[in-house]
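What follows is the residue order along each chain.
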Amino acid sequence: MKKRRLNWSLWAGFLVSGVAFATYFLFFAQFPVTRDFPWVNLLLFGAAAALFIVGLQRAFVNASSYRGRVSGPILTTLSTVILGFFCFSVFVESRHLPSAENAPQVGQKAPQFSLPDTNGKSESLSELLSTPIGAPSTQRRVPKGVLLVFYRGYW
Amino acid sequence: MGIRPVAISVDAPEVSRGLCQRRGYTFIFLSDPKAEVIRRYDLLHRGAGIKGHDIARPAEFLVDSARTVRWANLTEALRVRARPEQMIEAAKVLQ
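From first to last, the protein sequence lines are chains A and B.
Its first residue numbered 1, the first sequence is counted upward by one per residue in this note's numbering.
Its first residue numbered 1001, the second sequence is counted upward by one per residue in this note's numbering.
No lab work stands behind these hints, which were simulated from the structure alone.
It cannot be assumed that every hint is accurate.
[To be verified] Result set (DSSO-like, lysine-lysine): computed pairs, CA atoms no more than 30 angstroms apart in a straight line:
# : chain 1 : residue 1 : chain 2 : residue 2
1 : A       : Lys109    : B       : Lys1051
2 : A       : Lys121    : B       : Lys1034
3 : B       : Lys1034   : A       : Lys109
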C-alpha cells in the first residue's frame, strides 16, 4: 500500500490562523491603519482558509495519497473558532462604547482641570482659555474658545 | 480662527511628544495617565486599551471663554483625528 503523505496544508492553515489572530493584538493594533479595520489579519485568515481548502481536498478527494481525514476537520473547526473569536474581539467588543451620560452637555460648565503638556508643564483649563494664542512676534489674541479633543491614545 | 485645540489622552508626555514630532502637530497635548480628568468628563472606557488599561472614549467639546460648553461631539467611530469640517462648523458658533 502506498504510504500516505503528511497533509502539511492543513497544519499550515492552522498555523496561519493562529498567526493571523496573535499578530493583530501583538503588532498590527498599534497602527491606526491596520487597527481600525484589520485588513492584514483578515487577509491572513483568507490565506489560512485557502490552505484548508487545499488540505481538505487532499484528505478526502485524494485520500489514497494524503492523510488528514481526522485531523482536517478538527483543525478546521479550531481555526474557525479562532476566527470567530477574533471577529468578536475586534468588531463587537471594541465598538461597545460606554454611554457617557454624565459628560458635560451644551450649556453646562466644562469641569476644571490641570494636566501636564508634552514638556511636563502643567496647564489648567482657565490658563488655556486666557493665555493668548500666537508666537510673540505675531499679533497675540486671547482665544475665543478651547476645543478639548479626548482621544484613545496610542498606548 | 481663534480657537485653541487641546488633545487629551492617557498617553504619557513623552509618548505624545513623539506623536507630535512624527506628525508635525503644533497644538497642545495633555497627559492624563490616571484618567482623572477623563473620569471627571465621564469619558472612561474601562479596559479598552491594548493591555487592558482604562482609556478615554473619543469625544470633543468646544468650550467658550466663560468655560461654558457650546458644542459637544461624542463620536461613535474610534478614531484619533477629529474631522476638520465638523469643527469649523462648530467653531462658527463662537463668532
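Cross-check of the supplied hints:
1. A threshold of 30 angstroms between alpha carbons decides the hint, and for A:Lys109 with B:Lys1051 the separation of about 33 angstroms lies outside it, so the pair is violated.
2. The hinted pair formed by A:Lys121 and B:Lys1034 meets the criterion: a straight-line CA distance of about 17 angstroms does not exceed 30 angstroms.
3. A hinted pair counts as satisfied when its Cα atoms are at most 30 angstroms apart, and B:Lys1034 with A:Lys109 qualifies at roughly 22 angstroms.
Checked against the numbered hints above, the structure breaks only hint 1 and satisfies the rest.
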